[in-house]
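Work out the full structure, taking the sequences as your base and the hints as a guide.
4 protein chains.
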Amino acid sequence: MPLKPEIPKPESEVKRVGYAIVGLGKLSAEELIPAARTSEHAYVAALVTSEEDKGEAFARAFDLTENDVYTYDEFEKLAERDDVEAVYIVLPNSMHREYVERAAKIGKHVLCEKPLSLNAEDAQAMVDACREADVLLMTAYRCQYTPEHWAARDAVQSGKLGTIRVIDSIHAHVEDDPEAWRLKMALAGGGPLPDIGLYSLNIIRFVLGEEPQWVFADLHQPEGDERFGEVEERVSWTMGFSGGVVAHCLTSYAAQSTSTLRVLGEKGSVLMDPAFDYQGLKLTIEDSEGKFQPSFPAYDQFGNEFDHFAQCIREGKTPWTPGEEGVADHVVMDAIYESARTGKRVELKPVKKKDASRGEKKPEMPGEGA
Amino acid sequence: MPLKPEIPKPESEVKRVGYAIVGLGKLSAEELIPAARTSEHAYVAALVTSEEDKGEAFARAFDLTENDVYTYDEFEKLAERDDVEAVYIVLPNSMHREYVERAAKIGKHVLCEKPLSLNAEDAQAMVDACREADVLLMTAYRCQYTPEHWAARDAVQSGKLGTIRVIDSIHAHVEDDPEAWRLKMALAGGGPLPDIGLYSLNIIRFVLGEEPQWVFADLHQPEGDERFGEVEERVSWTMGFSGGVVAHCLTSYAAQSTSTLRVLGEKGSVLMDPAFDYQGLKLTIEDSEGKFQPSFPAYDQFGNEFDHFAQCIREGKTPWTPGEEGVADHVVMDAIYESARTGKRVELKPVKKKDASRGEKKPEMPGEGA
Amino acid sequence: MPLKPEIPKPESEVKRVGYAIVGLGKLSAEELIPAARTSEHAYVAALVTSEEDKGEAFARAFDLTENDVYTYDEFEKLAERDDVEAVYIVLPNSMHREYVERAAKIGKHVLCEKPLSLNAEDAQAMVDACREADVLLMTAYRCQYTPEHWAARDAVQSGKLGTIRVIDSIHAHVEDDPEAWRLKMALAGGGPLPDIGLYSLNIIRFVLGEEPQWVFADLHQPEGDERFGEVEERVSWTMGFSGGVVAHCLTSYAAQSTSTLRVLGEKGSVLMDPAFDYQGLKLTIEDSEGKFQPSFPAYDQFGNEFDHFAQCIREGKTPWTPGEEGVADHVVMDAIYESARTGKRVELKPVKKKDASRGEKKPEMPGEGA
Amino acid sequence: MPLKPEIPKPESEVKRVGYAIVGLGKLSAEELIPAARTSEHAYVAALVTSEEDKGEAFARAFDLTENDVYTYDEFEKLAERDDVEAVYIVLPNSMHREYVERAAKIGKHVLCEKPLSLNAEDAQAMVDACREADVLLMTAYRCQYTPEHWAARDAVQSGKLGTIRVIDSIHAHVEDDPEAWRLKMALAGGGPLPDIGLYSLNIIRFVLGEEPQWVFADLHQPEGDERFGEVEERVSWTMGFSGGVVAHCLTSYAAQSTSTLRVLGEKGSVLMDPAFDYQGLKLTIEDSEGKFQPSFPAYDQFGNEFDHFAQCIREGKTPWTPGEEGVADHVVMDAIYESARTGKRVELKPVKKKDASRGEKKPEMPGEGA
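Chains as they are written, first to last, in UniProt numbering: chain A, 1 to 370; chain B, 1 to 370; chain C, 1 to 370; chain D, 1 to 370.
Derived from the structure by calculation, the hints contain no laboratory data.
Treat the hints with care, since some could be wrong.
Since copy identity is lost for identical chains, a pair holds within one copy or between any two.
[As the list claims (entries may be wrong)] Straight-line Cα separation of at most 25 Å, DSS-like style, residue types lysine-lysine; simulated pairs:
{"id": "1", "residue 1": "LYS362", "residue 2": "LYS317"}
{"id": "2", "residue 1": "LYS267", "residue 2": "LYS184"}
{"id": "3", "residue 1": "LYS267", "residue 2": "LYS291"}
{"id": "4", "residue 1": "LYS361", "residue 2": "LYS15"}
Have a look at this one:
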């Protein structure tokens, strides 16, 4: 992420969409704010944080003033800021609902980190709140905004791999700090499943354009490991899709860093390894002609999200991954936890429509579009 | 497999163990018989086949005479051949039991192709028959006789990968010919599971040295595909092991050729890809120091099996993969099919002992031993 | 190389071309004779060797009789064998000229191992002898008969890599045995250059379809290493081609096994690694779209050579790599040794014509042709 | 390069070394200044640029004031800045000598980008000027400050690869803009050789710890390509080292991006690919045991340079890559250009001492040291 001084942009700031970043954790500091600096359609106009010092340091570093920094109590003051058209919620999962609803109330569009909420019910309430307030809601699924994942989807849906048979995905890493909020049930709502396993779930649904028909799951919470007193260490789950397609997923907070996606068809395959990293995604499409690793222009996943949502705001269009897309994943995750609890396969309500929970605006890929 | 003329061996033929190969299919022709030619402790002394012409062509090509070729009806005549100490059963699965029992009756040691039989009950009967007849029985699990799989096992069991968390394996290829015996239930006893999925099952059990505690499975038999009128196209299954270790396996007869094994621990991983091929196995062991792909001297998987069993015969020792090892896999496969049929998780009888179904003689790896 | 019994071929043996293999070393035993067994257009009809026992063992193993085995003194008796239409010379380099000329005299077509001879003068004499005798002469450059090398050539010549700029190739391995004939100047005529470095030279000329304009070379013959008392351990050389294309080549008999070829153009590249092995060649073609590793049907390099020359004999056409192709490499090798001796760049006689030393018949690739 | 707000460092700024960055091009903006922000021992205290606006934008973005920005005319005013202990020269090559000498005159230590100068004579003058002024001079060879390159050197020098035989390196990319200063002889002093080919040269010298004994070179300057009216498009060169070790190098401004280094010994090899990139270096060490890709903690090449030179200043020690190391490369590059001009091999003055031009302070690798 090269750091550049503010170079005049083709679009003036009047036209670019100003975001308030809500929450100044590692993701905001290391990825989101730098990404916003390179964005064509968006910029950071305000910061919301409980740590005043940190906020001011960031403000200074990013050409904002002390007046652009707000505490959580002052959140509603953003209503007065016409230049803040959207808020980006980067808080612990359990706070997503409250802040999305507060944002909706003051008429701001909302980009919310994944998982959208703690469960399908809360997630649906957030969708409803935004609809009522007539603001857009987007779930920040960065992997639906990369050329690699779109190329994987295209290969799968084009038929060139033949009939799709099986899918396999792993997303794991080691969470070392027992005090991390991600390991607290009240804040995170679960362990690796809603945090990193969600990528496997979300991208398999995206690549197929379909919803699973059933799930079977198992989870592990090792006794005596202080990290896993509240949340699971590992979830493994199986999803059945139409046509006998089956997907295996593994996610863990205590296994070597791994992120893979493999789709096997009768005539070919797609392999991504790594599949969900911020950078360096490696895609191989194989068929009877050989193996192909496509190249794409450089991009920033977070920058792509900023831009897509900003364009949706300008054009008044539903984003590709709206709140409904977040709800759809929570429906499946609720079923995964239920299966793990009962030891039984759980059937899901049939969804016939393709891409049923996705919006009308397709993301522009680098090199495409305006 | 370079073809060499008969070069005098250090051991005279009197001491080498003569095998009768029972069944002259593709595996015998392309792998087993050439492998035997390079074996240090074994040689092919006789052939049993229903196709006289084929048998004689083979005999000529391998320095045997017409007198060394038998029909299935003449099988018992092998009793008169003192130089035939062992038979290698390379017949369709449903014929394994009959020929193992016939071999036992005439006092020949038996090396039997995997799967050992059609189900655990038949497999156990074969073990019992050989025990009663006081002949050795070995299940031909070639992947337990390679340095790569042993290095994978050593990495997993040494603790250097940290606590083992999850395992993932795929074995698939495309079976094109609807008339193949492997697609006939009466001959094969199942589809890809007992044929190729068995490698995933067997090697996961081998690498951990443990038996699964439960399984959940799902299978797919596509309507209208003439290949899968009798057997399944795909099986996916999950196995739970002690300590919360979980293994995901996928096998298909209608998906791109794939053979992988991945074991993730908290501090490292083992990846084999390809994992189950005859040649070119690629093993990567990764930990915090880096990635390591060990090199091994050249070997032949089938030659290793011939040699191991020959040495067991000479030394009067139980082979590393005796009939019991074949039974153990059938127990799990029976449970997999039951789970797929009922949609329910199936609990297995606890087995506490490590390597409970394996023999006392460990395979010598290339470069080791006498 | 699976070993198969003699399965009836579409072409009857009357039509297939019978070869006499002259020389029963490792290459004949492990590669050539097994390859001939799988050939569609060729078969082994006779053997010429000084070791009677070895010849008879081979004969037995390959369905020949004692009458098909000849000593070198008896070479001219092959004249009486109408079924022997071609001889394949697999002798130490210094014997190539004599046996090619003897073969020509008795009217047999000649396939001769590379290098064709010891130097350009001898090589040209062999070409002349065959022309006078009206027999075909082919230099056995197996790498000009693989789909990978043709795909590399096509990528380079198609323009899709942009203007070609630089080429880099290495071919090395460790020669351990100080007594090997390859280390005797009188037999080999040089060290790694004519043996393995020749692949780099030959394939660079093939891929470009052009002849070098100048060479610069350096060689190393380490003192005190008994292996290199007569021949060089290592040759490094640079070749200049038209348009400023330059190629770097390294070859050694005392360096880790390596075989690579890299061609860099302004818009893309070709990488082969390994580039010259009998099996498992890996080709990557890269351009702005991505990286592509094409797949090809299985084939045998030696089988392809047998077939190509057999077809040339049947059709009366010049093979793709005739004697002239061998001469062309000797011209360059002579210049390489001269440069290494003088420390000076050596200019070569300009050759304008594309593929000037290649024949009219292009090899058929697997999957193509009749 | 994650962007972080100014987090209090263990060392106070009083002890950290303040640098003035001289020249605000792409390298300064995208690599050096961000790297300095993460440095433990160094920080950016001032900027020197001809573009006032750009300087002030940078100053704002990096927590400096307008008073910290100087024009080139004001360079000598840095003398008054006690907090500026070192200057980092990031100007076109032809300006290095002037600014190093001006820095020495005002008593500032100098870190100078590579190549140190335009030729060995100018480079030596810079070394002399710094010695007389009693300031330290370091050539910014970032690849001598990475754990990967040190591990490569250790593997080569430890003897575990056996006797080293041959080395091969390529560094190329496409320079598109005919107006780039790198394509102007007066500014750059050459084409790809002093810019990117220099990495091959410098790292081969580093890995061996030796100086070449002779060189042979060829260069290409295509007619009609406006980019190469002044400087060469491509240089290929061969270097001879003691013991018959030979190195082949290729560098081009008009070939697909490539950066490789391969060292072949009799018992093993080192391969780096990419070998010279800012990030993502991939090192493979291979011997008879297998292939090993070591892992290292995250680091920043430019940050490592800043820290090393800062530590040298604090400890009064010669840096690992002092001015003399830059001179040594110019000596070889002068010979390369001479050889290319004359078409003749050029002998170099023997240098017996190991690491003759390197300083006493070895770089600390990430994870090591204080």
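Consistency of the hints with the structure:
In this assembly of identical chains, the alpha carbons of LYS362 and LYS317 lie at most 25 Å apart only when taken from the same copy (10 Å versus 59 Å across copies). In this assembly of identical chains, LYS267 and LYS184 lie within 25 Å of each other by CA distance solely across copies; the values are 23 Å between and 44 Å within a copy. For the homomeric pair LYS267 and LYS291, the shortest alpha-carbon distances inside one copy (12 Å) and between copies (20 Å) are both at most 25 Å. Taking the shortest alpha-carbon separations for LYS361 and LYS15, only the intra-copy value of 19 Å comes in at or below 25 Å, while the best inter-copy value is 54 Å.
Checked against the numbered hints listed earlier, the structure breaks none of them; every hint is satisfied.
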